[in-house]
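2 protein chains.
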Amino acid sequence: MTQNPWSYRTTDAATDAEVDGIDRWWRATNYLSVGQIYLLDNPLLRETLTRDHVKPRLVGHWGTTPGLNFIYAHLNRMIKARQQPTMYIIGPGHGGPGLVASSFLDGTYTETYPDISNDEAGLKRLFKQFSFPGGIPSHVAPETPGSIHEGGELGYALSHAYGAAFDNPDLLVAAVVGDGEAETGPLATSWHSNKFINPATDGVVLPILHLNGYKIANPTVLARISEQELVDLMKGYGHKPHVFEAGMDDESHESIHRRFAAVLDEVMDEIAAIKAEAKVNPNMERPMWPMIVMRTPKGWTCPPKIDGKITEGSWRAHQVPLSSARDTDEHLHTLEDWLKSYGPEELFDEAGAPLPATTALAPEGELRMSARPEANGGLLMKDLRLPDFRDYAVDVPVPGYGPHEATKVLGGYLKGVMAANTDNFRIFAPDELASNRIQAVLDVTNKVWNARSEFDDEHMAHEGRVVEMLSEHQCQGWLEGYLLTGRHGLLTSYEAFIHIIDSMFNQHAKWLKVSRELPWRRPIPSLNYLLSSHVWRQDHNGFSHQDPGFIDHVVNKKAEVVRVYLPADSNTLLATYDHCLRSRDYVNVVIAGKQPQASWLTMDQAVDHCTRGAGIWEFASNVPDGEEPDVVIAGIGDVPTMEALAAVDIIREELPDLKVRFVNVVDLMRLQPEKEHPHGMSDREFDQLFTTDKPIIMAYHGYPWLIHRLTYRRTGHSNLHVRGYKEEGTTTTPFDMAMLNDIDRYHLVMDVIDHVPSLGTKAASLRQRLFDQRLAARRYAREFGEDLPEVANWVWPDARGTVDADVSATAATGGDNE
Amino acid sequence: MTQNPWSYRTTDAATDAEVDGIDRWWRATNYLSVGQIYLLDNPLLRETLTRDHVKPRLVGHWGTTPGLNFIYAHLNRMIKARQQPTMYIIGPGHGGPGLVASSFLDGTYTETYPDISNDEAGLKRLFKQFSFPGGIPSHVAPETPGSIHEGGELGYALSHAYGAAFDNPDLLVAAVVGDGEAETGPLATSWHSNKFINPATDGVVLPILHLNGYKIANPTVLARISEQELVDLMKGYGHKPHVFEAGMDDESHESIHRRFAAVLDEVMDEIAAIKAEAKVNPNMERPMWPMIVMRTPKGWTCPPKIDGKITEGSWRAHQVPLSSARDTDEHLHTLEDWLKSYGPEELFDEAGAPLPATTALAPEGELRMSARPEANGGLLMKDLRLPDFRDYAVDVPVPGYGPHEATKVLGGYLKGVMAANTDNFRIFAPDELASNRIQAVLDVTNKVWNARSEFDDEHMAHEGRVVEMLSEHQCQGWLEGYLLTGRHGLLTSYEAFIHIIDSMFNQHAKWLKVSRELPWRRPIPSLNYLLSSHVWRQDHNGFSHQDPGFIDHVVNKKAEVVRVYLPADSNTLLATYDHCLRSRDYVNVVIAGKQPQASWLTMDQAVDHCTRGAGIWEFASNVPDGEEPDVVIAGIGDVPTMEALAAVDIIREELPDLKVRFVNVVDLMRLQPEKEHPHGMSDREFDQLFTTDKPIIMAYHGYPWLIHRLTYRRTGHSNLHVRGYKEEGTTTTPFDMAMLNDIDRYHLVMDVIDHVPSLGTKAASLRQRLFDQRLAARRYAREFGEDLPEVANWVWPDARGTVDADVSATAATGGDNE
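Read top to bottom, the protein sequences are chains A and B. Read in order, the letters of the first sequence are residues 1 to 818 in the UniProt record's numbering. Read in order, the letters of the second sequence are residues 1 to 818 in the UniProt record's numbering.
Please note: incorrect hints may appear among the correct ones.
Which copy is meant is left open, so a pair is good if it fits within one copy or across any two.
The list that follows gives simulated cross-link-like pairs (lysine to any residue, SDA-like), each with its CA atoms no further than 25 Å apart [stated by the list, open to error]: (1) K726 <-> R259; (2) K309 <-> D456; (3) K408 <-> T422; (4) K80 <-> R652; (5) K195 <-> V243; (6) K726 <-> Q129; (7) K726 <-> D683; (8) K726 <-> G107; (9) K513 <-> I616; (10) K558 <-> P704; (11) K279 <-> Q228; (12) K240 <-> E685; (13) K305 <-> H459; (14) K80 <-> E628; (15) K675 <-> K726; (16) K408 <-> P673; (17) K694 <-> P303; (18) K513 <-> Y586; (19) K195 <-> I616; (20) K558 <-> Y712; (21) K694 <-> S718; (22) K694 <-> R390.
Worth flagging that the hints you see were computed from the coordinates, not collected in a lab. Source: prediction; values computed, not measured.
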C-alpha cells in the first residue's frame, strides 16, 4: 500500500466531493454512535421507533462523541489526500461509540469481529453489544481496533501519543485532548513533550485541544479563559495554536467542513515544512509544532433542548441526554427525530450496509486509522538483540566478595542492550538515571533534549534514547505509548515515588489483562521497572523517601500480568533483568540497590537461583544432609538478605550447634500458592524449602504483612516471623535504619532465640548481649553520624581478607547524586 | 502585634540600612546552611578547620538553598515594612538547611527547641543535628517551624499554598516553585488555581518560580525555553510575570538586593491594588495576579569550580558540592574559604549569638514567617459547629426499608454542616460532587469559579465553598493546605481514581505521624475522604473504573493515623461521617454507594453499630440465645452486605434449620489485633463475634486478601472464606458484576454449603439449583441488558410490602451524571 508521509497539500482546498464525503462520514458515525447508546433493535429505523427498541439501561457518553467523529472524518480526508500514515489517540476515552462507529465504517471492525456484519443484523448486534453485559465497554478499550489508549482515567493522551511517535519517523499521531482532561496535572505538563521529540527521527504529534466547554457537571477552565490567555498558554508550551470554532451559530455544516479542512491542510503543510527542514538539517532549532484548538458545542447535533433545558452545548449532554426514551413518548419521539436528523436512509443501503458514498472518504488498508499496525504493537514488535548478560557478571570467587553497586553493574549490561538496539529500546527516568547509577548507557547514547543547550551540558542531544523529565507521569505515559506500539523499554525511578503512577500502572495492567483475552491483540513487550534508591538507603532523604508499598499495590492486579523481583546482588539482578527484557505482556517490578554491597552468587549460581526464584543458599546453611534444620533464616531483597546473613554469621559464632537453613527469595510470586499465581510454588516445594514445623525468621524488603498475605495458606505459616519496613525511620545511617525497623542482624538473632525453644541459658545471655550491642550501635550512630565500623565493615566469613574493609563505609559517603 | 495587610509601599526604595540587613541575613543564613551540611564542630571557625570538624557522612542539599535564603531575607524586609502577615512555602523542600537557618535567626527555632541556644554551643548542636541520626531530616519537615510543606515529593507547592490562602483574606502565601518541580504534572496544572481564588475573601498566593537551571543531573525545561515562551506560559496561566535575573555576572550583591527589593515592592503594590479593588468591587473580573520569575545560579555563592569542574550554576551544586572535605586537604580548605566568604565574624558575636545587625531585618512575633500560626494550624483550629446528624436520618421502620441513596442522604447532612460553618469548611471534588450525589450542599453555597461565567451556569460564583477542578492532585493538595492551616474539609472522588493521589496520601500520612510526635505541633482536623461511584457499581464505565485498592494502600501506613469505614447504609454513613468530622490528625477513608439501596438500621441502631464498629445484626440471625451458630455470614460494604443478606434470605427459605449469625463490619480496622491498631478488637471480642471454629462466609467490598492479612493471627482464621473483588468485570449490570467476582447471593450460599459439612443431600441439590439460577441470571443480563427482576427487586423479608418493588430497578437507570 502506498504511504507518502509528510507530503504537501495536493489541492488548494477540499473538493465538493470531499466535503460531501466528510459530512456523510460524520452523519453516519454520529448516527451509529447514538444507535449504540440507545437502540436494542430497529437499527435503521425501518419501523416506527417503539419503547421496546430502546435499551432498558442507557449507559454511555454522548457529549464528546460528535467532535471525535468530526475529527475522524477530516483526518480521513487528509490521510487519503496525502497518504499520510496516521494514528488516532483520543483523550476523552468515554467517546467509545464514536471510535467503534468509525472502525465499523472503515471495515476494520467487521474484519476483526465478523459477527458484526455489514447488514441490518450486524448493525443490530453492533448497537446491542455496546455497554451491554457480555458486550463491549462504553469506553475506547483494548477491544476497539486502532486504539492504544483507554481514557477511562484522564490525563495521558499526549504522553501516550508522544510515546507512540518516538522512533516512528513517518507516523502522525493525532491526539485529541479533552478540555476536562486538560485540567489534570499529567496532561498539563505533557504539552512540554515537544522538548523531547526529534523532528528528524521521530514521528509527529498533532494535539487537538477539543474545547466543548464542559466536564460532567462543570464548565472547563480552558474553555473559560480568554482566547488571548489560551493562545499564550499554547505558545508558552512551545506550540503554534490554530484556533477553530464552529457550531455556535447557524453556519452550514458544509461551510464548517470547508473551514476545518483548510485548517487541517495548513497544519499539515506546516508539519511537512518542519519535517522537510529536519531532513536536511537534523540540528535545526526546536520548531513551534502546530496544534489545533477546536471549540465546538458539547453533544454537538443532539437535540438543543430536552425537557426545556439547554442540552446541546451544555454539560447535560455529557452522558445520555435522553434518559427516559424507554419511559416517555416525548423522549422516545425526540430520540427518533434525533436519529433521523442524520438521514440514515441516505447513508445505508437496503440491506443495511453503508452506501459507497458514505465510506468513500476512507483510506485503504493500513492507512485506515482503525487498522494502524502501530495500534496493535505486537504485530510490529521485533525481539531485542540482547547481549549475553553473563558477560557483564561480576567475579564472585567467594560469597561475600565485593562490594559491587548492583544497578551500576546492570548499567553496563543495559549499555550493551542500548548499543545493540538503536531504534526500538528506550530508557525513561524522572531525572534519576544517574542517581540510580545506570548512566553507563550514556556512553552509547544521549539524553534527548530539544530545548536550549549550554556549553557544559553532558550527554544531551536532539537524538537520544534516554528520556528524562522530572515527571513520573510523563515517563510512565511515554513508556506505555512506546510499548503499546511494539517497542521495548524500562522506567527507572526511586522506589518511593513510583507511587506517583500507581493509577497509571492500574490502567496498564487492566489493559494487558483484557488484551491477553483478545486473540487478535498480539503480545507486546513487558513494562519493566527498575526501582532503586530504595527504602533502606535513604540516608540523604529520610522518611518522605521511604515507601516499599508499590509491591503491595502491584500484587492486587491479575496474577497473570504482574511479576515482582528482589535480587539480592549484582549477578542475580543481571539474570533477572535479562529475563524481564525477554518477557511479553507483563509488568515486571525489579527492586535493587545502588549502594556498594557484597555479592553472594557467581553468575552460574545466580542463573540457577533466578530460575528457581527461591532457594537454599548452601554456603550460609549448616544442616547436614538428610537432616532437618532447627531454624530457617530467609532474606528477600538486598539489604534484608545482607542483614540475615550477618545474623547467620553471629549464630555460627555464638550458637554453633544450631542447624540453620538459609533461604533467599528473588521472585516474590514464588511464595504464593500455585493456584493463585503462575509462578507460585506447590505446597510440597514450599514445605521442602521452609519446613512445616520449624521457625522461619525472615527479613523482607517491604511491609511485612504482604508476606503473610502471600503465605497464609501454607502449612508452616504459623511459624513464620517476618521483619520488614514498619514506617519507622528518618534520615539516618543504614544500620540505624535497619534497627529502627527491627530487621537488623542483632534483632534477627534475637528473633531466632525467641522462637527456638531448645536454645537454653547460653542463648538468654546472648540475647542480652545483642540487646546491648544494638544500644551501642545506636549510640555510636547518634554520636558520630556513621555506623559502628564493626557493623559497616562486616564481611561474610568466606570473604574475609579478600575485601577492602573500608570500601563499603567510604563508598556510602560518596558524592554520587541521590 | 500590629498587622496591616495589603498596605502600599512605605518608601520609594530599599534604604541602605535595609539593603545591609538583607545582605547580612542572606550571608548569615547561607553560612548557617553550609555549616549544617558540613560541620560537626568549630561552628564559628574560631579555630582552623580540620578534618575532624567535618561530618563523616555529608548528606544534604545545597543547590536550592541560597536562593531560598535570598527570598526569605527580602520577604523579611517587605513584611517589616508593610506589617504584612506572610507564610512561606518552598517547593524545593530539600532546601531544609535554609529554612532552619532563617528560623534560627528569627528566634523561633530556639523558642521551639531551647537546646539549640543562641551561642556557640547551640550553633554546634544546630549544625550537628542536621541530617544526622537522632537529629532532624535534611528536608523541610514537620520538625521545621513555620512549615506545612515537606517537599520531599515534588509538585504540590502551589496547591498547598492556595489551600492555605483560602478563607485567610489577610494572608500572603509566598510560594517558591523549583524549576525541577515545575516539570511535574501536579505543579503544571496548579498554576490554574488562580481561577478558584476570590480576591475579596481569600488570601493571596505569590508564586516565585525559582529558575536555578538544573535538577539532580539535568537542566530544567523552564530554564531552557525562551523568555518569550516563559512569559507567554505564565500569562497563559493567568499570571503577570515579573522576571528577575541575578548572579550571572559580577553585579554587586548590594545592587542585586536593590533590584529585587524593587521588584518585590512593585509586586506587593500590584497585589495591594487588587485587594483594594476587591474590597469595593467583590465581583471584579479575575485579575492577573503577579508572580516572580527569579533566575539565579544553582548553588549561588558556593565555589565556582570544584575539582576543575563548574559547580556554582551547575547541577553539580545540587547536593553536597564538596564531597571530600573530610578526606582531602584541598576540599577542606575550599570549604573553609567558602564558609569564611560569608564573613561569620561580622555576623555573630563573641559568644556565638547573631549580632543585632544580623537580625535587624526580622519582623517580630507572629509576623516572623517561621512563627506564623497558620503553619501550626492546630493553634487556630476551631471546632466545627455540627448539626445533629440524627436529624438527617432516614426512617427505617423495618430492616430492608427504602431504597435510599446513601451519599445523597449524607449530602443533606453536609448541607447542614456547610450552612453552620461559613468560613472554615470546604468540599473539594474533581468534578464529581454531583455525580457522587452530595450536591445538596449547593443549596447553601456555590462552587467557587473565577473564570468566565455564562448565563446558564448553575451554582458557580466568585465565592463558594465547593472547589471543583478535574484534578485529583489539586483537590488533595488544596485540602491538605486547608487542613494544615487549621480548617476542615473533605475530598469526594470516585473510588478507583483516588489512586491518582496515592503518593500524596503517603506524604500526608507521614507528616501526621511525625507531627503527632512533636508536642508543639497541635492536632489538626483529619483528612476525610468520601469515595463513591465504587467498584461494584460501574455500570456506565466498566473495568477502568473498578479499583478498591486504596484501602490496601492506606492500611500500610502507621495504624495511629489511618481509619477505614465501609458503612452499609444511609444511617451508618451519617453516623460515620459525623465521627470523622470530629476527629483530629487522622486520615479517614469512607466508602459508600450512591445508588438506591435498602437501609438496614434505624438511626439509634446505626449509632450503636458504628460505636462498636462491627457487630451482630440480630434481625438477620436466627441463633437461639445461648447457642452457637452453625455458620457466620458477614458483610463489609454496602453491596456485599446486601448480597450477604440476600444469601441469608435464601438460607432461611431453603435451609431453615441452619443457625446463621449475621455480622456486619463498618470500621475495617476492628478486624486487626488490638496491638496492631488502636481500633483493633481483642481476640476475645473477635472470637465472640466470629467464633473460633465455625465457618465464616464473608462478602467484602475490596480485594479479599486484605481481610486475610488483617485476621491471619485470629484463632478462627482458617475457617474464614472471603469473597471480594478479583479484577473481574466490565461494563455490566450490578448483579452480573457481583457474579463475575463470586460475591453474589447464590455463590455465597454455595460457599455455605461447601463449608458446613453437616448439611446433607438437600443442600447438594440446592447447590445445583443455585448454580442453575446463576446461569439463568447471567443469560438474562446478556439477553436483556438488565438484571432478572427477582434479583434486582429483591427485598429483605421484613420489608416486603413496604417497598415499591420497581424503585431500585428504575433508579438504577436514572440519568444522574456518573
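How the hints compare with the structure:
1. K726 <-> R259: neither (62 Å within a copy, 50 Å between copies)
2. K309 <-> D456: Between copies, since 10 Å is at most 25 Å while 62 Å is not.
3. K408 <-> T422: Within. Shortest intra-copy distance 21 Å satisfies the 25 Å Cα cut-off; inter-copy 57 Å does not.
4. K80 <-> R652: Classified as neither; 77 Å inside a copy, 67 Å across copies.
5. K195 <-> V243: both (22 Å within a copy, 22 Å between copies)
6. K726 <-> Q129: Answer is between; shortest inter-copy Cα gap is 24 Å, intra-copy 48 Å.
7. K726 <-> D683: The answer is between: 23 Å across copies meets 25 Å, while 29 Å in one copy does not.
8. K726 <-> G107: neither (56 Å within a copy, 35 Å between copies)
9. K513 <-> I616: Close neither inside one copy (33 Å) nor across copies (39 Å); limit 25 Å.
10. K558 <-> P704: Intra 21 Å, inter 13 Å, cutoff 25 Å: intra and inter.
11. K279 <-> Q228: neither (34 Å within a copy, 27 Å between copies)
12. K240 <-> E685: Answer is neither: 62 Å inside a copy and 67 Å across each miss the 25 Å cutoff.
13. K305 <-> H459: Answer is between; shortest inter-copy Cα gap is 20 Å, intra-copy 59 Å.
14. K80 <-> E628: neither (74 Å within a copy, 76 Å between copies)
15. K675 <-> K726: Classified as between: cross-chain Cα gap 14 Å, same-chain 29 Å, threshold 25 Å.
16. K408 <-> P673: neither (34 Å within a copy, 43 Å between copies)
17. K694 <-> P303: Neither: 73 Å inside a copy, 60 Å across copies.
18. K513 <-> Y586: Within. Shortest intra-copy distance 9 Å satisfies the 25 Å Cα cut-off; inter-copy 36 Å does not.
19. K195 <-> I616: neither (50 Å within a copy, 61 Å between copies)
20. K558 <-> Y712: both (19 Å within a copy, 22 Å between copies)
21. K694 <-> S718: both (10 Å within a copy, 20 Å between copies)
22. K694 <-> R390: So K694 and R390 fail the 25 Å test inside a copy (37 Å) and across (55 Å) alike.
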